[in-house]
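The chain contents come next:
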Amino acid sequence: MNEGVIELVGIEEEEDCQTAWGVKYLFSEEKVYTHCELDPSFLLGLSCGIIPFTNHDHARRALYQSEKHSQQAIGFSTTNPKIRVDTLSHQLYYPQRPLFRTVISDCLGKPEYPLGKNVHPMSEIYNGQNAIVAVNVHQGYNQEDSLVMNRASLERGMFRTEHIRCYKAEVENKEILETKRMKSKDKIDFGKMPSKIGRVDSLDDDGFPFIGANLQSGDIVIGKCAESGADHSIKLKHTERGKVQKVILSANDEGTNFAAVSLRQVRSPIVGDKFSSMHGQKGVIGLLESQENFPFTHQGIVPDIVINPHAFPTRQTPGQLLEAALGKGIACGGLMRYATPFTTPSIDHITDQLHRAGYSRWGHERVYSGHYGEMMRSLIFIGPTFYQRLIHMAEDKVKFRNTGPVHPLTRQPVADRKRFGGVKFGEMERDCLLAHGAAANLHERLFTLSDFSQMHICGKCSHISNVIQRSVAGGGKIRGPFCRFCDSAEHVVKVNVPYGAKLLCQELFSMGISVKFGTEPC
Amino acid sequence: MEGAKNQRFPKIKIREMKDDYLKFELRETDASMANALRRVMLAEVPTIAIDLVEIEVNSTVLNDEFISHRLGLIPLTSDRAMDMRFSRDCDACDGDGQCEYCSVEFHLSVRCDQDQTQDVTSADLQSTDPTVVPVDVAARSSSSGYDASENRGIIIVKLRRGQELRLRAIARKGIGKDHAKWSPAATVTFMYEPEIRINEELMESLSLEEKNSWIESSPTKVFGIDPNTHQVMVVDAEAYTYDEEVIKKAEAMGKPGLVEIEAKEDSFIFTVESTGAVKASQLVINAIDVLKQKLDAVRLSDDTVEADDQFGELGSHMRGG
Chain A
1 MNEGVIELVG
11 IEEEEDCQTA
21 WGVKYLFSEE
31 KVYTHCELDP
41 SFLLGLSCGI
51 IPFTNHDHAR
61 RALYQSEKHS
71 QQAIGFSTTN
81 PKIRVDTLSH
91 QLYYPQRPLF
101 RTVISDCLGK
111 PEYPLGKNVH
121 PMSEIYNGQN
131 AIVAVNVHQG
141 YNQEDSLVMN
151 RASLERGMFR
161 TEHIRCYKAE
171 VENKEILETK
181 RMKSKDKIDF
191 GKMPSKIGRV
201 DSLDDDGFPF
211 IGANLQSGDI
221 VIGKCAESGA
231 DHSIKLKHTE
241 RGKVQKVILS
251 ANDEGTNFAA
261 VSLRQVRSPI
271 VGDKFSSMHG
281 QKGVIGLLES
291 QENFPFTHQG
301 IVPDIVINPH
311 AFPTRQTPGQ
321 LLEAALGKGI
331 ACGGLMRYAT
341 PFTTPSIDHI
351 TDQLHRAGYS
361 RWGHERVYSG
371 HYGEMMRSLI
381 FIGPTFYQRL
391 IHMAEDKVKF
401 RNTGPVHPLT
411 RQPVADRKRF
421 GGVKFGEMER
431 DCLLAHGAAA
441 NLHERLFTLS
451 DFSQMHICGK
461 CSHISNVIQR
471 SVAGGGKIRG
481 PFCRFCDSAE
491 HVVKVNVPYG
501 AKLLCQELFS
511 MGISVKFGTE
521 PC
Chain B
1 MEGAKNQRFP
11 KIKIREMKDD
21 YLKFELRETD
31 ASMANALRRV
41 MLAEVPTIAI
51 DLVEIEVNST
61 VLNDEFISHR
71 LGLIPLTSDR
81 AMDMRFSRDC
91 DACDGDGQCE
101 YCSVEFHLSV
111 RCDQDQTQDV
121 TSADLQSTDP
131 TVVPVDVAAR
141 SSSSGYDASE
151 NRGIIIVKLR
161 RGQELRLRAI
171 ARKGIGKDHA
181 KWSPAATVTF
191 MYEPEIRINE
201 ELMESLSLEE
211 KNSWIESSPT
221 KVFGIDPNTH
231 QVMVVDAEAY
241 TYDEEVIKKA
251 EAMGKPGLVE
261 IEAKEDSFIF
271 TVESTGAVKA
281 SQLVINAIDV
291 LKQKLDAVRL
301 SDDTVEADDQ
311 FGELGSHMRG
321 G
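Those sequence lines, one after another, are chains A and B.
Mapped onto the UniProt record's numbering, the consecutive letters of the first sequence carry residue numbers 1 to 522.
Mapped onto the UniProt record's numbering, the consecutive letters of the second sequence carry residue numbers 1 to 321.
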């Protein structure tokens, strides 16, 4: 420090440094410092340092934001999306810069030209948008951390994102084939052929879809076939669909040719999509409401998002409220623009700024009910807040089934979403139906609609009887259930048993344990 | 009319009128009427907007959906919209939106052959119907106090050398309820007219300093002080936003009841701003028309009579007794 240089200190070095928080500590205390922080907020990392008023938030919320949400937020991550072939990438249509600034966000780049026009502004693009957020209940559609969004705002392009998924396929080219001396029969090349596994309508003769083709689930993305006629095409999973963005043909380092086809999908937020503010306040959409149904202020301002007031008391994130109040002041032309952690403007500054702009000091406003046109009894806190769209979207998670594949062993429906599985009806759900006394419903759910099967029981000895082929007295053979224990087919009855239970009996039987079934006619 | 007994005759007084801005008073009616008018203006007054885009060539940086979405949001002059048909109700074209009764076709064809970045704007959209054009283009041609040099048109996309955009777009009639692009209103809001009564006796018990700080407590300039008599008076009652700051301040000063503010339940001050698709004044007139049509639909419906009979006594107030 005495040499007057800015030193970049590593983690190991930090241990041996005596670092002052700021200049004022440097001179006020007797301690001898070796270093001095340029700004106290520099002790935080990037993702934490751009949160406004972090020092007002509960530490856990700041961690949620900086570790999880900042990673999952959709922004505009590259400047060359046209030529990239990531397996999966997301992009926000209209990214915005937050209204507030922090010292660290300024280090990323300023929106305007600094000192003269020689230096280009670094246009660091943020991963969210400034939404007008009201803290209010909205007909119960924002309970439990869900939020209500304005459909009109979404239709105007707010939080609209583009999702690109890329499919790659390799093929062995001629030179390699010659060296390897593979059988020419197995030579695989791109090409179109009538396929049994999926539709090939959108493919051109070279085996690739044309640009702009709308591919649905089950369509073939890349047609590939061996000379023998075997089909090696790549098919879309049943959860995937999109329009063809680009087709790339290239070769990798080993000289194998490969093709990449990108599918694009544009998504506007729908019920179930996840959003988060910068303060670890995540939530999913509970309702898309029309603009006219939202409460409006006397200026006609309508919120984009309505969040529930219950999100605040236990989470302890007053930072978000401060952000909204400060943001409101900035939007009205206030000059207090910084929300740097540890050097935040005092509450008085924020409230005075709002007061000067003609708003109530604490950021709340009188609103009129959109449904009835009457004034709401209480004042509603409303202000611009930076919100991020997270990559967890309802469309990627929908799970439903009427009929579909069953597990080969238990013959019960599978659970996997990728294989069109079902939602588990577990023990607790069973308990619930039991408590309701809904026996028929329970029977249907766990038996008829799950692993219904039938088996044969000998009514006399209660043992399982199998279907076998046996010869009868009159010569000739018949096939039918027969009890080996009683040596007769007389008392054999057919019962309905879950396949799981039948399987258990058979397994036990194979270990030498026989299970007996008491039967009675019904 | 059966309900004539309680019938009221709402009055409208226009305060300020510009092409895209209207401020008026609505009196002698209640919140239900005012709010119905607001809701209709936002969501049910029809306009024309681009609804179907066929892209021929698009080598720009934005994808087809992006451009289509941006095209849809361009406001078009929609004075014709009230007389047009919805393409779904159109007999002439089986609802495919290709005929003159329900649709307007646009063409756009731009190619960049220069080294500078070229903007594709709403001015590049060629309409087949001169009455339906992008709002900013219409404003430029009419040049009604509009600075044309500043108006560069609404940017759709920017092109680099060699990039091209060629498309055909069909604009249709629609309402804001279906999609926000058809909403003709940028802002529609109203407030209740406030009635402010200052308790003069209590007010005089305050010192000048206290009076000033009380006046200052309101974020908007509602009250003022007479420089001669030092009397507090209402400067602009309508600036009051019902934020209750002054009432709280009075309580904090230990003078509750210093001022009483009530909202008049039957007079509203409307502010309407239009996107330019229709004039603000026309927007209000159209909204009243739409509202009338909706009320007619209720009145003429057989279900209404049935429901009235069904509810018997409950519905009697509507029949005037």
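One or more hints might be untrue.
The calculated DSSO-like cross-link candidates involving lysine-lysine, where the alpha carbons are at most 27 Å apart (straight line), are [said to hold, decoys possible]:
id, chain 1, residue 1, chain 2, residue 2
1, A, Lys274, A, Lys418
2, A, Lys502, A, Lys460
3, B, Lys158, A, Lys243
4, B, Lys177, A, Lys246
5, A, Lys196, A, Lys235
6, A, Lys424, A, Lys237
7, A, Lys274, A, Lys237
8, B, Lys158, A, Lys274
9, A, Lys502, A, Lys68
10, A, Lys82, B, Lys177
Hints listed in this document are in silico derivations from the structure and should not be mistaken for laboratory results.
query = Broken hints, numbered, in rising order?
reply = The structure breaks hints 4, 8, 9 and 10; every other hint is satisfied.
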